[in-house]
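Colleague: Model the placement of chain B with the ligands on the given structure of chain A, informed by the hints.
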Amino acid sequence: MAADGNMKPAKKLSLKENYAMLTRGLDWEPTYQKKEDIFRMIDFEGIKIHDWDKWEDPFRLTMDAYWKYQGEKERKLYAIIDAFQQGNGQFNVTDARYLQALKIFLTGIVELEYASHRGFCMLGREFPGAGPRIAAQMQSIDELRHCTTQIHAISHYSKYFEGMANFPEQFDRVWYLSIPKSFFEDACTSGPFEFIVAISFAFEYVLTNLAFMPWMSGAAFNGDMSTVSFGFSAQSDEARHMTLGIEVIKFLLEQDPANVALVQKWIDKWFWRGYRLLALLATMMDYVLPKRVMSWGEAWTIYYEENGGALFADLARYGIKPPKYADVTIKEKGRVSHEMWSVFYANRDAVNFSTWLPSEEEMAWFSEKYPDTFDKYYRPRFEHWRQLEKEGKPFTCKCLPQLCQVCQWPCLYTEPDDATEFLHRETEYKGETFHFCSDGCKDIFADEPEKYVHAWLPVNQIYQGNCFLPGVDPTAPDFNPLVEALKYMGLKPGVDGGLLKDSIDAQRWEQWTSRPANIHEGAYTDFVRKTTNG
Amino acid sequence: MATTSTQPVFIAFQDNNDTRPIIDAIMADNPNAKLNEMPALVKIDCPGRLVVRRDTISELAGREFDLREIYINLISLAGEVDETDEEFVLEWKTS
Ligand SMILES: [Fe+2]
Ligand SMILES: [Fe+2]
Ligand SMILES: [Zn+2]
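As given, the protein sequences belong to chains A and B, one line each in that order. The end of the first sequence is residue 852 by my numbering, with every number in the run present. The end of the second sequence is residue 402 by my numbering, with every number in the run present.
If you're looking for bench data, these hints aren't it; they were derived computationally from the structure. Treat the numbers as computed from the prediction; the structure is a model and nothing was measured. Each hint should be verified, as a subset may be incorrect.
Pairs of lysine-lysine, PhoX-like flavour, derived with a Cα cap of 20 Å [said to hold, decoys possible]:
#1 A:Lys352 to A:Lys366
#2 A:Lys568 to B:Lys400
#3 A:Lys716 to A:Lys639
#4 B:Lys341 to A:Lys639
#5 A:Lys372 to A:Lys568
#6 A:Lys642 to A:Lys366
#7 A:Lys583 to A:Lys769
#8 A:Lys642 to A:Lys583
#9 B:Lys400 to A:Lys372
So that you can see chain A by itself, here it is in the shape it has in the complex (with noise of 0.2 Å):
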């Protein structure tokens, strides 16, 4: 073009046309390969798709935008961080049990960014559509981001702190983090149709609004200025997210109706694998939360009742009916958080954070937020067991719990309709007996069981003696299995596990910040009484 002092400068595009540009404009079609040599992976599980380009994204994100906000969400963060840590904030929080809280969130909720992080990298490779491969390719980026920024953030606490610096081999290992990495690899071996309804819809769509609107609004206002805030800067990716789930549901039902039932049986199975998995959220929400912003009961009527169901009826359109069981999570909702708090204080040495029991006035909170449950089912066992820490013979599990082939929970939930009943599925297969947590679990294993007969359960390893360092002779005369498993898993007893009152952390806390490691119990050591007593 010849240089023209007068040229007026080209006119500015618009949002909807410089988002075909990216997404239509420099796609291409395939010559000397063919496109299913190309996209292997895209027509095993029965999906059918005619056209690729009526997706659409309505967030409509272009390049230019993605890394000036990205860059500019990345500032705003490590400003906080920084002020977090130059202000001491790790002394901050209310007492020594939020760091647990920190410790879970560590081990099953930050690996799965990275899982996340890595199935979205293949949908990014193998969706022949341009619209859904960016989509996919972006978020893979947000994924590894916000895996990087929460292992940053908390490794500041970890300078302070025991128990966090080995989460990756905890992740692997430790038996009940075998929850959530078990979750995500199930999706990550699925097609990627499956993959992106389980993660994009069911997970990020329905369920995620839970983990990062109560339960990071709850990190604030126990004082962590640093969680809350890679929280929500991973939550403000979340968002665009969320919209991708439910353009893909729709996309789906609209290319062509052979595609509900597929994508219906997809919403039935990871709407429960995604429930059961957030049954460690509503534990940390209820129970590991010293100051609490909302009970899992209530966050479940709101985010999945009122919001999810509104999201239902949006989709009756296409034929989609609300996922089956979501009955039974209704009926669980006064019981679940309570029942798993039991589950890991009884196991509490084989576990990488410590427990304690619920404070009277603990107590009393549950039993206004649970008024159906609380006190006809949990309030006397929890009596009991404090009594029995207060004989000096504190309750605890002897042996390990019965896992759930699919969910990998132990099977100690509660029968539907009769919360002193636990509930127990089980199914031949091949000779073989296995067993589930639920109704919903036995059904998945029934749609696929040559791929859940697989799955490996670390309670069956511990006990085949599977799990033990390198250099232990499983056939000694004094092997003990469950000893070497603790080892195998990295727990070491007095750092990891245990009650909260003998641990290191609890020691430490009071030492370094003169306030009660256990704000409802008064302290544990001398460095808070000595100087609340002058």
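Modeller: Okay, now just chain B with the ligands, sitting in the frame of chain A:
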């Protein structure tokens, strides 16, 4: 084309100085919106449809606002999204 749905849509932001004009603009432009405050975050619920308008935010912020700046402090949302240079709309289509 107004939706007939009264199912709740929502948008949630960090509670900070950057989001004050955004939140005020949303409350001004959506008479049925309800503000729910929690520690560190604000959740705005609205039956059926909620609109975020660039003009109103620019007016309240006292500068030209690029609607995509909302991403920086956005926490979550519910509803189908439609975004243009001027408006960011959340809507449920059916009741
Ligand atoms: Fe993430
Ligand atoms: Fe995400
Ligand atoms: Zn299960």
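Colleague: Each hint needs a verdict: does it hold in this structure or not?
Modeller: For each hint, the structure was consulted:
Taken as a hint, the lysine 352 (chain A) and lysine 366 (chain A) pair is honoured in the structure, with Cα atoms around 18 Å apart against an allowance of 20 Å. Restraint check: the Cα-Cα separation between lysine 568 (chain A) and lysine 400 (chain B) comes to about 12 Å, which is no more than 20 Å; the hinted pair holds. The straight-line distance between the Cα atoms of lysine 716 (chain A) and lysine 639 (chain A) is roughly 43 Å, outside the 20 Å bound, and the hint therefore fails. At roughly 28 Å between alpha-carbon atoms, lysine 341 (chain B) and lysine 639 (chain A) are farther apart than 20 Å, so this suggested pair is violated.
Distance check on the hinted pair: lysine 372 (chain A) and lysine 568 (chain A) sit about 11 Å apart at the alpha-carbon level, within 20 Å; holds. With a C-alpha separation of about 24 Å, the suggested pair lysine 642 (chain A) and lysine 366 (chain A) falls outside the 20 Å cut-off, and the hint is violated. Between lysine 583 (chain A) and lysine 769 (chain A), the direct Cα distance comes to roughly 16 Å. Compliance with the 20 Å bound is thereby established for this hinted pair. This hinted pair checks out: lysine 642 (chain A) and lysine 583 (chain A) have alpha carbons roughly 9 Å apart, not beyond 20 Å.
Using a Cα cut-off of 20 Å, the hinted pair lysine 400 (chain B) and lysine 372 (chain A) holds, with the two alpha carbons roughly 19 Å apart.
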